[in-house]
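Undergrad: Sequence:
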Amino acid sequence: MDPQTGRSAEALDLRALPPPEPMLAIQAALAGMAVGETLEALLARRPVYFLPHLERAGHACTLEQLDPDTWKLTVTKA
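Note that our numbering gives residue 41 to position 41 of the sequence shown, counting from 1, and the numbers run on in steps of one.
Worth flagging that the hints you see were computed from the coordinates, not collected in a lab.
Treat the hints with care, as some may be off.
Label-pair restraints from in silico Cβ distances [unchecked claim]: (1) G36 to D67: 18 to 24 Å; (2) D67 to P19: 15 to 21 Å; (3) E55 to G32: 16 to 22 Å; (4) P52 to R15: 17 to 23 Å; (5) P19 to A57: 26 to 32 Å; (6) D13 to A34: 30 to 36 Å; (7) V35 to D67: 20 to 26 Å; (8) A34 to Q65: 16 to 22 Å; (9) G36 to P68: 17 to 23 Å; (10) A34 to P68: 32 to 38 Å; (11) A78 to A25: 33 to 39 Å; (12) V35 to P68: 30 to 36 Å; (13) P52 to A25: 15 to 21 Å.
Cβ coordinates follow ideal geometry from the N, Cα and C atoms, glycine included.
Construct the entire structure; sequences and hints are all you get.
TA: In structure tokens:
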């Protein structure tokens, strides 16, 4: 549960997976979540093509580069 929003949050560390497995894992996780729940995923690469796909689906997304090899993608399911 996210203490700020009161919504459930799920965290995935997908940095060790080769493409396209991180994106498939994110899609699978989102499919099992309720509207308003949040997913945080750590990625080894910037999701250049996947981020627009998520936004077109209506999900709220933020992307933050934590270090040169780590990106944090936060998705709130629409």
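Undergrad: Evaluate each hint against the coordinates.
TA: Going down the list of hints, with the structure as the test:
no., hint, verdict
1, G36 to D67: 18 to 24 Å, "violated (30 Å)"
2, D67 to P19: 15 to 21 Å, "holds (19 Å)"
3, E55 to G32: 16 to 22 Å, "holds (20 Å)"
4, P52 to R15: 17 to 23 Å, "holds (21 Å)"
5, P19 to A57: 26 to 32 Å, "violated (19 Å)"
6, D13 to A34: 30 to 36 Å, "violated (22 Å)"
7, V35 to D67: 20 to 26 Å, "violated (32 Å)"
8, A34 to Q65: 16 to 22 Å, "violated (29 Å)"
9, G36 to P68: 17 to 23 Å, "violated (33 Å)"
10, A34 to P68: 32 to 38 Å, "holds (35 Å)"
11, A78 to A25: 33 to 39 Å, "violated (19 Å)"
12, V35 to P68: 30 to 36 Å, "holds (34 Å)"
13, P52 to A25: 15 to 21 Å, "holds (18 Å)"
The structure does not agree with the numbered hints 1, 5, 6, 7, 8, 9, 11 stated previously, though it agrees with the rest.
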